[in-house]
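Chemist: The chain contents come next:
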Amino acid sequence: MLWFRKGLDQPVRTLTPKTSSTLHGLSPGRPAPTPSRDAAPEDVCPTHALKEHDGVMDVDYTQCIQCRLCRQQSLKNKMNWEEGFHWAQMTSTSLPDAFHHSVHVRVVDAGDCGACLNELHQLASPVYSLHRLGIAFTPAPREADVLVVTGPVTVSMKETLEEAFQSMPTPKRVMAVGTCALSGGIFSSSFAVAGPVDRVIPVDIAIPGCPPPPLALLDGFRLIMGARPENPLDGRVRK
Amino acid sequence: MTGFLLFLSLSLAACVLAFVVPGHWTTRVSSVMGSFAAAALVYSGIVSFFFHSWSLNLWNLQGWGLLEVGEPRLPAFFVVVTGLVFLPVSWFSPEYLKRLQPRYDLRYFVLIYHALMMAIALTFLARDVITFLLAWEIMSVASYLAVNFEHLQESHTQAGYTMLGASEAGFLLTLGAWLPLIAVSHSIDFSAIQAASARHHFPLSLGWAVMLCSFFGFGVKAGLFPSMSWLPRAHPAAPANFSAILSGVILNLGIYGIIEINGVLWPIHNPSEGLLIVVIGSVTALIGILYASTENHLKRMLAHSSIENMGLITIALGATFTFRAAHLPELAWIAGIAALYQILNHSLYKSLLFLGAGAIDAGTGDLEMDRLGGLARRMPWTSAAMLAGVMAISALPPFNGFISEWLIIQSLLRSVVLKPTIDQVIFAFSGVIVALTAGLAATAFIKLYGMIFLGPGRSAASENAHEAGYGPRWAMGSLALLCLILGVTPTYVVTGLSPLAAQLAGGGVLGGLIPPFFSPRHLPRSLGQTFGPLGAEVGHHLLPGPGLVFLYQSPGPSPNVVFASSPSYLAVAMGIFLALSYLALRIVKKHQRVVRHEPWQGGVRQLPADAHYTATGFSNPIVVIFQAILRPYRPVEHEQFLASHFHSAVQREVRESYVVDRLVFYPAATVVQSIAGVLARIHHGKINVYIAYALITLLAVISLSLWVFP
Amino acid sequence: MTEKTLEHILEQHEEMAVTVEPNWIRIAAPASRLPELASQLAPEWAFAGIVPENDPKTQSLRLLYVFYARNGPWVGIEVRNHDQSIPTISNILFAADWQEREMEDLFDVQFEGHPQLGDFVLHDSHWPEGTAPMKRHSWEIRQKTTESRNLSTPRIVEASGSFVMPIGPIFSGTQEAIQFGLETVGEEIVFAHIRPFYKYRAVEKLLEGQTPSVALLIAERIDGLTAFSHSLAMAQAFETLAGAPVPPRVRLLRVFWAEIERIRSHMQVLAGILESTGLSVPANLIQALEEDLLQLSGALTGHRYLFGLVRPGGLSRDWSDTEIENIVDRLGTILEPSQRILDALTFDNSFLDRLEAVGTLSLESASTHCLVGPVARASGINRDLRVWQPYQAYDQITFDVPVQAEGDGYARFRQLCQEIVQSYRIVQQIPPLLPAALSQTEDFGITQAGTALGYAESPAGAVICCVSANSRGMVERCRVITPGLVNWHAFPQSVRHFAFQDFPIILATFGLSVADLDR
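Protein chains in written order, with the working numbering: chain A, 45 to 283; chain B, 2 to 711; chain C, 20 to 538.
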């Protein structure tokens, strides 16, 4: 009771689309496709995310770990950098209507370094307050609509991940969070990594980033819920 | 009388036939004869209870009086209960005994079984002190032989001796009640004693002496505090069919003794005596249920639960005696109904549960709940019957246990009408204990059913269990059905028990608890207007009798409804709700595809059997909460290490001693031993001194007898 | 004191070859003498871990047992492994238990007298015993076709009705993947088993053959929440190998960001503790402040978790003096409410009841496990690499290392609170010390083969990193000893004899990262 009152005394911390636009550090940003003549060379990228294509240095976001080596000071040409958080991509053809109002989410750590998990955890903080958007974390996949997988799937976690997926009721969707989950990232060549998530279970939403910031995660959740407002913090948008 | 004679002849014939027919027929013949004998017993009891009692003079013992047997209402009630237990046990036995065949001679089993049945019947029917005591002794010996039937196991022999010793001690104590009764009435005949007690007014101290000796003496047999520690030892040792009889019938003998002396022959006139009975009953019930909920051996657990039920019966009896002594016959009658109902219920569901234990033992060879599990899939019939038994004993409607426990609590709550505050406090406390007991009983029996029948099999034995055959299934099924019937038609059962309860209570009319809803002309208008529209008269075209509603109104100028309930209508409503929900589910699920998947186990595909909750784990919170009572239930831990830091084993043993042993018997044994140590000094082996002892004893006896019978 | 003991020990073992390098003494000992040496060092030296390295002459594997002490040189005992077994020292130093099991699984080194070798890092359900992936320079790892996974925690409790309560690998909210087997008879945890390495990513194998620049990127992804300290430890090893001095401004700025990371990481652990005790209001308030710190880091370094900030020889960017001062001011405004919340908690009985005398780890137990970090300091061990072996600019800065005596959950809670205060104190001292001149060593390169040690006190404890590089500047072998590897080992001890409902609370007070352990 005491804490309840103390909590009411605090100012409202929850971000709104308006306040979030004035803040820095919500998103680290990521390299943007750059004309080849101004771009950093392909071989500077440790995860081979840079590919030249028709005179444009393209970025394969499923590989990019945002290490900023393509912007280091010693380079003559640097990659362009884009801010923002509309990073989520749909990789399956359809999403069920059943998710329009509320989704329950189970997070599976399949070899995560802790950063993606912490960003997911941060979503539950008053700053992002994902509950108000109708999203809730559940303790078991049995009650989950969406399985969020982070980390390159390690050999030891592969079966467990399959088990979690199979335990979910239909309709179910899988969201792969973080570059590691999309391609293995910097761990892709490790012998103990079984491969990206889509090699184990079908992925419907991919959110690249190392780690993707909370707003990018929210963007993914909003996409799965069938709405994709300009700012994922906008609670009023309904399809 | 025909029924009784039929019973006697059938039983005797069974004993003879056992030694005549070929070996593999023995048990089947015994089963047939036993069931007919039990049926004859039930018939005899019902006839005597409802229509006319009979009596039969056996022998005129010179100088003492007539020896006779007879069947008034009280014995008739117990005889019916006895027959109802023996009947299914007879069906159950042949298959169950098969596994004992290689090592034991089953002809003796048949002999003991029928001798026990006859001795029990005789004990109930004895109408004079000598016959009663003789029959009692035969019964004691026969039940000792029954417990000790698997005598090749040493623990069983010990349990048998403990039981025999306790039984004999109780017997001696009851003499302390019989002798004054004989002395004051100058007769051994029960009717003469009853007449004498009604005629004269005897001193308070004599009343107390009779009450104490009879209550605690018969209390030994009934497993009441402080003399119940033989019970959890003896019941598990006996073969399961005998365990059912021990719990379902022989415990009733103790209760019968208490009622016969304190309720019929020498009715209690002093409320304090009734209060003592209530207190002892509460203590018994609490201790019984605490140990039942922490015990994990199925039969031992059931034995502890029998103690609890005996405690409940005793509380109800105590309430009856108190209300009667306080001249509140109406309430005494309700408490009496509760006591009799509870006796009937306990006999039925406890024998059902013990037979189920026997079926499990036969099917798996194990009775330890920690090692059993998942039997519902392998033993569906046993499982269903046990579920009924478990629901009944946990006092869940629509089964019979609910009604008797509800009536017990309701009658205890009427303590407000008692005069002295102390009486009210004791009744209120007992009410609390009964409620606590009911809660703990539910926990204990959820554990029983959950651990044994649900979940995964925890051992190879439970994985390979096999279902019981037709005999045991019929036995358990009929008991389960009886439990259900007694739970659905309680008003008729109460109507039947009413005259006996009125006899014990010294008054009370049926209308006080069951208003005549089915014959509304006799119904007060206010009641009819209030309860009629609620459905209290539903079914009056079909059903005979007074109605299906319990309703008690406080007496006085403006009657208030104190409590009311209709278990029958409740059962019907439950049935309708269940059927409707089933139908609704069927309709909703018609177009849904159901996918079955293993339970979620944290991402592990298969958990080993030892990664599931055990009975010990389930009851651990109770152990922790009631540490004060179960006190030396302390784990002692030993750790073993490898290479100085690596744990190789953590051994934990639980040392427990039964609370009654700890508080009563071990101190008593120490005192007795030290006294015996002092007295041992007079044994110095000189013959002249020993002759002097004999002389002194003789003088003492003569002077005592001169003083007592001048 | 320490020096004297060392001299004394060395006198006793005159026959052994001793190499003295700056801050680094290596003793080449025959395997049979190892237990004796270890037991002589044990009272004053902390056991850091076992480092496998290639013998430069024979190219065969040898093990280096690393010890460190306060203000003394690092001591390494070189033991050759001529394909015969090495005596275990886990009976003397229990801390060596997991390290030996790890060596056995990854390098196929047999430790004589260790009772529980096998099925540790590489789960036997996926890799046959004897796979030893790190022994060879090869990527062809035999991998078994997977078989159905069972819970395979051992059973050691012998009591009627005892059972295992399995937890994980997937459990509760956003927890990392690890499995526990809690042996119990009902309410109380009689014994706890851990089954880690569900998340084994073979970081040490992955590091082989990488350039320093990429190696740092991998090192910071060992544990994302203490990324800066991990990459800092490794960067120091590379810098020692390169022999290039780090500019003073960089040294100070590294301390600056390391302390900000410590504050943020401690905040995260505190929020976890509060959440586990069910106090969601303060938990959420602290979590919001953690988000402020993340935003601060994100705005000023380009990464919310300080990934990619440490570069060999420097930092990936520089900040103007006003920026640095603004950061300190902002930190002050973030920490001020957090202090109020944490102070109020010390008067909250329902909170204290859940932490006090819960999950106690005695000083004795903490020292047998050679614990590191706040967990060790909460149990009374004053062990902090920032003071014991000052690195970067820590020798220019004054601060206290708080120590608690009780070793219970509340001591760990207070420890974290007090360390936040000290870290802020360190951060405040830095702006005036910063030299104007910058900074970056642009042409960083390792030209000489060798082995070097780098270490840092991460928020969770000592990160010790031993890197062998070849003459082309590539990593040849690398060993990262993380605080997770050390502290998780002691965790099962602390939950014994506590009730189930205490388990998540004790887990939270340890603030352990599974990624840090699994690597």
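Be aware that a few hints might be false.
[As the list claims (entries may be wrong)] Every beta carbon over 12 Å from chain C, so not counted as near; a handful from chain B, in silico:
#1 G546
#2 A612
#3 N621
[Stated by the list, open to error] Once the Cα atoms are required to be at most 25 Å apart in a straight line, the calculated DSS-like pairs of lysine-lysine come out as:
#4 C:K76 / C:K23
#5 B:K591 / A:K216
#6 B:K420 / A:K216
[Unchecked claim] Among chain C residues calculated to face chain B with C-beta under 7 Å, some are:
#7 E22
#8 E26
#9 P173
#10 F190
#11 G192
#12 V233
To be clear, the hints were calculated from the coordinates, so they are not data collected in a lab. Predicted model, so just to flag it, every value in this text is computed and none were measured. Ideal placement from N, C-alpha and C gives every residue a C-beta, glycine not left out.
Chemist: If a hint holds in the structure, say so; if it does not, say that too.
Modeler: Going down the list of hints, with the structure as the test:
{"no.": "1", "hint": "G546", "verdict": "holds (49 Å)"}
{"no.": "2", "hint": "A612", "verdict": "violated (5 Å)"}
{"no.": "3", "hint": "N621", "verdict": "violated (2 Å)"}
{"no.": "4", "hint": "C:K76 / C:K23", "verdict": "violated (32 Å)"}
{"no.": "5", "hint": "B:K591 / A:K216", "verdict": "holds (21 Å)"}
{"no.": "6", "hint": "B:K420 / A:K216", "verdict": "violated (69 Å)"}
{"no.": "7", "hint": "E22", "verdict": "violated (30 Å)"}
{"no.": "8", "hint": "E26", "verdict": "violated (29 Å)"}
{"no.": "9", "hint": "P173", "verdict": "violated (10 Å)"}
{"no.": "10", "hint": "F190", "verdict": "holds (5 Å)"}
{"no.": "11", "hint": "G192", "verdict": "violated (13 Å)"}
{"no.": "12", "hint": "V233", "verdict": "violated (32 Å)"}
This entry does not satisfy hints 2, 3, 4, 6, 7, 8, 9, 11, 12, going by the numbered hints stated previously.
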